[in-house]
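Colleague: Given the coordinates of chain A, assemble chain B onto it according to the supplied hints.
Given next are the chains, with one letter for each unit.
Protein chains: 2
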Amino acid sequence: MAYLETTPETAESRIGRLNKGLGPLNSALEPGQIGQLGWNLLREDLSLPTAVLYQDRLIHNLKWMQEFITAYGVRLAPHGKTTMAPRLFKMQLETGAWGITLATAHQALVAYAHGVRRVLMANELIGKENMAMVSRMLRDPGFEYWCLVDSAEQVEQLGVCFSGQVQHLHVLIELGVMGGRAGVRNDDQLRQVVAALRRWRDTISLDGVELYEGVLDDEASIRAFVRRSVGVARMLADEDQFQRTPFLLSGAGSAWYDLVAEEFSSAGFGVSVEIVLRPGCYLTHDVGSYRRAQQRILEHNPIAKRMSSGLIPALHVWAYVLSIPEDEKAIVGLGRRDAAFDSGLPAPALRYRPGDAMPKPALAHWETTKLMDQHAFLKIAPGDNIRVGDMIGFDICHPCLTFDKWRVLPIVDSRFDVVDAIQTFF
Amino acid sequence: MAYLETTPETAESRIGRLNKGLGPLNSALEPGQIGQLGWNLLREDLSLPTAVLYQDRLIHNLKWMQEFITAYGVRLAPHGKTTMAPRLFKMQLETGAWGITLATAHQALVAYAHGVRRVLMANELIGKENMAMVSRMLRDPGFEYWCLVDSAEQVEQLGVCFSGQVQHLHVLIELGVMGGRAGVRNDDQLRQVVAALRRWRDTISLDGVELYEGVLDDEASIRAFVRRSVGVARMLADEDQFQRTPFLLSGAGSAWYDLVAEEFSSAGFGVSVEIVLRPGCYLTHDVGSYRRAQQRILEHNPIAKRMSSGLIPALHVWAYVLSIPEDEKAIVGLGRRDAAFDSGLPAPALRYRPGDAMPKPALAHWETTKLMDQHAFLKIAPGDNIRVGDMIGFDICHPCLTFDKWRVLPIVDSRFDVVDAIQTFF
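Chain order of the listed sequences is A and B.
Note that our numbering has the first sequence beginning at 18, numbered continuously upward.
Note that our numbering has the second sequence beginning at 18, numbered continuously upward.
Take the hints with a grain of salt, since some may be wrong.
It does not matter which identical chain is used: a pair holds within one copy or between any two.
[Said to hold, decoys possible] No farther apart than 25 Å at their CA atoms in a straight line, the calculated lysine to any residue pairs in the SDA-like style are these: (1) Lys145 / Asn57; (2) Lys107 / Leu367; (3) Lys107 / Gly159; (4) Lys107 / Ala45; (5) Lys387 / Val304.
It is worth saying that the hints were derived from the structure and are not from the lab.
Keep in mind the model is a prediction, meaning the values are calculated, not measured.
With the rest of the complex left out, here is chain A:
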């Protein structure tokens, strides 16, 4: 058995009886068994609030992004930190992803334990136990892993650790911008990192260059940053600093992947480079900043314009109307414990009265005005057809901070039958 392999015997693979948003369970089940229980959201078989994934939309988004990325002749390593759902990682890999991107050693471990064997950790690896976790995974010769480096100090710490383990570590140099996050800002910092990497070249392989453009928010700055990274990569390639052929060039979050794809794919590196893009939020999409980003892409990107449609929101958090204490206010059983609130509040999308045939669109003037820990304030109008006990399906803004509120998310089909479920490992 491979290191940490998750089997039916390990607790991690089972869904316990105490997760929110599910129906009754008398014992822990395998995720695949959830779809056999006959639960239906509209029959109120689930305890609300619940976060559900719409199967058809999820699959649509999965294919859309793979098709978009493939059209540029580049690779997709979806950022797994968004969902931390190994079942979704598996779907992404089976649809053609090159690997999975993750942000921490712990996240890499979760992916590894569920069979992911190519991880780009788009972050600096720091700390004794974090390095030890990576070291243990690297004992599996089938595991490919990269982390980022951006300082000589960090390279020294990695060199000491992995040479002590007589292991080889693969890294990318992270580039950054003033005012941004991590990443080397200038040639002086770059030269220090490269010099440290040369001292440790028997232990650490420099395999390429990485950037995260999402710290910027306008097209011109982003194109300039991506072009700078192309220039640095070209220089390092000319100096023969890369130990991987082809070398890796990686960028792109969920908002600007189109620009990064354009710039990288037109850089003219040919077969000497492997370009890896890392959007993560596309699977469920949202109605916040990523919808705005997607609108821009659909309007301007030639490949997206040729494709039949764009990304579709694929996750709803459903909750009950608990109280209508004022003519213009309903209190809904959905809070900061259930959905992201950092880039827009959950937006009412569907309404359903138990017993009806199917949900209807939420009224256009309904608006979430406040989110407390366990409650949402919904602005309604006097006389609206809304009642205590009605169910409301909310679109969400920012998938990352919604997924991390849920340990299990049911997957429903177009009849709202629960056909499957995914587990998250935050």
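Modeller: The following block gives chain B in isolation, referenced to the frame of chain A:
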């Protein structure tokens, strides 16, 4: 075996191998076994970021609040939604708590499954499966449970469900204020609820009155609201509407429990009432709004003034310095995935360089200026003694939204030895 009892054989009771913030685990362990592994935070045995509880501070806070509440001759039902940690519920009950407050049927189920047998659900119970969950727990004659009602519609739905189960449900009427959350606003609404309760009195027992004053933010409004609730309780008692003797009168979140204790205990109900207060954040406290609330209480409340000290922050999130890419900026491996950010960003409290004897206080001018999903931006000054690989312990603001980012939190002693661990069930 009682319904849903958690035993060593159930997955819920074990800590799996894939939780963040821990050291290496080769197999799932009971929480009590974690303290036997010899982990020490300062020796870097844990994968950072990690959220740790300080054992001595936790116990101090536990006793402080029980002593404060007892001095008023009232009951404590700590709000369990803050931590959702059954081990902490047990400590609270063993220290003298009357019961545990919770916010949803799912939360009540988690408490029940871990042995809690008196639950005040300070929220409206709504929905088929949520009611079914409560109904299943109520088959245990040893289980006491109350939920809130604030509309005739809700009372009808509860009546139909629980009469169908031939079960008896106990409720409190929730009072609310205009602009607030749930709760009846006026006499007209109150009379409708009372009339509905009278129709269902064979199924539903009205046991008392509840309010949550935390939707208001000044002392005068809060005292007025609490006094109104005292008046409503007196009126309903005079009308013989309560089916419990003594009837219940409940209020108080984590910020204004002193005022509620004063008002309720001086209302003159004597033995005809049982007063139940529900602060939840006191266990770990924070350095945000609850510290400000505590300062007010220590300055003004006569009982708090007599006590030897106040509440102390008992939770730190520890993380590594990943990068120092600019003279005045360090990037730390701690983000919105790890700590609350809705009422203040995590504040650097301690710094530690691996190999040193003990942590030192963080420099006074250090400040968290931004939190991304997995990263914090720390403002430093040029020349500060800070290095990639240093560990920083952050105080947090808002315990509720920090606890829900962690499935396991180690408990450390004054030497930072991991002596225990708690699990959360969000």
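Colleague: Each hint: holds or not?
Modeller: Verification of the supplied hints:
1. Lys145 / Asn57: Answer is between: at 12 Å across copies they meet the 25 Å cutoff, but 47 Å inside does not.
2. Lys107 / Leu367: neither (30 Å within a copy, 40 Å between copies)
3. Lys107 / Gly159: Intra 17 Å, inter 45 Å, cutoff 25 Å: intra-copy only.
4. Lys107 / Ala45: both (22 Å within a copy, 24 Å between copies)
5. Lys387 / Val304: both (17 Å within a copy, 23 Å between copies)
This entry does not satisfy hint 2, going by the numbered hints stated previously; all others are met.
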